[in-house]
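J.: Order-wise, the sequence lines are chains A and B. Taking my numbering, the leading residue of the first sequence gets 72, the next gets one more, and so forth. Taking my numbering, the leading residue of the second sequence gets 35, the next gets one more, and so forth.
None of these hints come from the bench; they were simulated from the model. Note that the structure is a prediction, hence the values are computed from the model and not measured. Warning: the hint list may mix true and false statements.
[To be verified] Subject to a maximum C-alpha distance of 30 Å in a straight line, what follows is the list of computed DSS-like cross-link-like pairs (lysine-lysine):
| hint | chain 1 | residue 1 | chain 2 | residue 2 |
| --- | --- | --- | --- | --- |
| 1 | A | 113 | B | 104 |
| 2 | A | 149 | B | 130 |
| 3 | A | 154 | A | 113 |
| 4 | B | 130 | A | 113 |
| 5 | B | 104 | A | 128 |
| 6 | A | 113 | B | 112 |
| 7 | A | 113 | B | 107 |
| 8 | A | 128 | B | 107 |
| 9 | A | 128 | A | 154 |
| 10 | A | 128 | B | 130 |
| 11 | B | 107 | B | 130 |
| 12 | B | 89 | B | 130 |
| 13 | B | 130 | B | 112 |
| 14 | B | 104 | B | 89 |
| 15 | A | 113 | B | 89 |
| 16 | A | 149 | A | 128 |
| 17 | B | 107 | B | 89 |
[Claimed, not checked] Only part of the chain B face toward chain A is listed, based on derived beta-carbon distances under 8 Å:
| hint | residue |
| --- | --- |
| 18 | 77 |
| 19 | 82 |
| 20 | 125 |
| 21 | 136 |
| 22 | 138 |
| 23 | 139 |
| 24 | 140 |
| 25 | 141 |
[What the hints assert, rightly or not] For each label pair, taking beta carbons as the anchor points, the in silico distance ranges come out as:
| hint | chain 1 | residue 1 | chain 2 | residue 2 | range |
| --- | --- | --- | --- | --- | --- |
| 26 | A | 151 | B | 106 | 43 to 53 Å |
| 27 | A | 140 | B | 131 | 22 to 32 Å |
| 28 | A | 101 | B | 98 | 22 to 32 Å |
Ideal Cβ placement from N, Cα and C applies to all residues, glycine included.
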Amino acid sequence: EPEVTQTPSHQVTQMGQEVILRCVPISNHLYFYWYRQILGQKVEFLVSFYNNEISEKSEIFDDQFSVERPDGSNFTLKIRSTKLEDSAMYFCASSDPGTGDYEQYFGPGTRLTVT
Amino acid sequence: AQTVTQSQPEMSVQEAETVTLSCTYDTSENNYYLFWYKQPPSRQMILVIRQEAYKQQNATENRFSVNFQKAAKSFSLKISDSQLGDTAMYFCAFMKHAGANNLFFGTGTRLTVIP
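Extracted from the complex, chain B is given alone in its bound form (with noise of 0.2 Å):
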């Protein structure tokens, strides 16, 4: 069974600044991606970026970009020049390569972005 730890509830950065999250897995699999989503107050699930495990470059979308260890088995995140807008719920998840691709997400990280 496939499980993903978020072991930050919860945390905050000034505006402007960088902010890590972390994430861990734990998986059988050798092939497989790795998500983040945003869920913001409105509670829409928002792809904010993804990573084939088979691809060792990590991946970037502007602002916000991943630091993939699949050894470690850990996919964070990491936002910079963070805006008001980031402030939302962030969840990592996790999808076997083959079958019907469900997610199976971690229990999310909220972050605070302070003006």
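Excised from the complex, chain A in its bound form (with noise of 0.2 Å):
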């Protein structure tokens, strides 16, 4: 069965260094996301992309945050200067609406530390 993997599993970075995480989508999706869940705390919302552009962002979706999908199968999230509130769970997830399913399909997350 299909799935959505990401890259790292764990990553530690030092404050203010820039992080790039990975997602592969399911390879005939068309829309992508990012959500992030802080330790304890409810999953939210950070973006969604489609048609190689931002369809929607959150309030979280700063300027320290952009998106890319770079070939035709990653999807990365980059964060520009890491703050210590941005160590939390990231995941990936992609659904392919036009098909009339929604379901959204979650990769395993990665975890980001920042000391």
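Take the two lone chains, each set in its own frame, and fit them into one complex as the hints suggest.
T.: So this is what it looks like as structure tokens:
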């Protein structure tokens, strides 16, 4: 069964450093998403991406964040200058609602620790 | 704006018994989707069940069923014959029918199945 994959599973970085989180969505999906979950809290929407551009973004997704689909398979989230409060689990998801299936398929997540 | 409320931070149930997790939501949309996601200790987000708002019939997936009350904006999850593997965080989520279809999550209910 096709699945969303994410790398790395755990990333430790120092405050102020740039990080790139990588995701490989399901191959025939056209919509891509990033969510984050601070430890012990709910999952929060960051950004959605369709047709090579951002469709929607939340208030959390400020100028420190960017997304990119550099090739036909990867979907990345970049945080330019990490802060302590960026420590969280980051989930990538993909969907293809054009088929009538609105389910978002989640990857296993990347745990980001900012020290 | 959409909000999702889960009023039970923690619940427990004896193995083989039935438990119901509550969820209410607030929206001005008429067409939307509702979901229950399970997050085990591995933190992977796993879809349990989904409900389209235009369908009056409650969704059922094996031991999992929902009680969808559109007028009351209520979407509870019933787990029958609870199993130890059901121990997890359960998140209720809302998705607008139109647009980029990002998910709005509740704060979650931690369910523990007691042997």
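J.: None of the hints should be skipped; say for each whether it holds.
T.: Hint check results:
1. A:113 to B:104: OK: residue 113 of chain A and residue 104 of chain B at ~24 Å, within 30 Å.
2. A:149 to B:130: Status holds; Cα separation ~27 Å.
3. A:154 to A:113: OK: residue 154 of chain A and residue 113 of chain A at ~19 Å, within 30 Å.
4. B:130 to A:113: holds, 19 Å
5. B:104 to A:128: Cα-Cα ~28 Å, so holds.
6. A:113 to B:112: holds, 21 Å
7. A:113 to B:107: holds, 20 Å
8. A:128 to B:107: holds, 25 Å
9. A:128 to A:154: holds, 19 Å
10. A:128 to B:130: holds, 15 Å
11. B:107 to B:130: Given that 30 Å is the threshold and the Cα spacing comes to 14 Å, the pair holds.
12. B:89 to B:130: This hinted pair holds, its Cα atoms lying about 15 Å apart.
13. B:130 to B:112: holds, 23 Å
14. B:104 to B:89: Distance ~10 Å between residue 104 of chain B and residue 89 of chain B Cα, so the pair holds.
15. A:113 to B:89: holds, 27 Å
16. A:149 to A:128: holds, 14 Å
17. B:107 to B:89: Holds, at roughly 14 Å.
18. 77: Given a least distance of 6 Å, the restraint on residue 77 of chain B holds.
19. 82: Result: violated, 11 Å to nearest chain A Cβ.
20. 125: holds, 6 Å
21. 136: holds, 4 Å
22. 138: It holds, given that the least Cβ distance between residue 138 of chain B and chain A is near 7 Å, below 8 Å.
23. 139: With a closest approach of 4 Å, the residue 139 of chain B hint holds.
24. 140: holds, 6 Å
25. 141: holds, 5 Å
26. A:151 to B:106: 43 to 53 Å: holds, 44 Å
27. A:140 to B:131: 22 to 32 Å: holds, 25 Å
28. A:101 to B:98: 22 to 32 Å: holds, 29 Å
Going through the hint list in order, the structure does not satisfy hint 19, though it satisfies all others.
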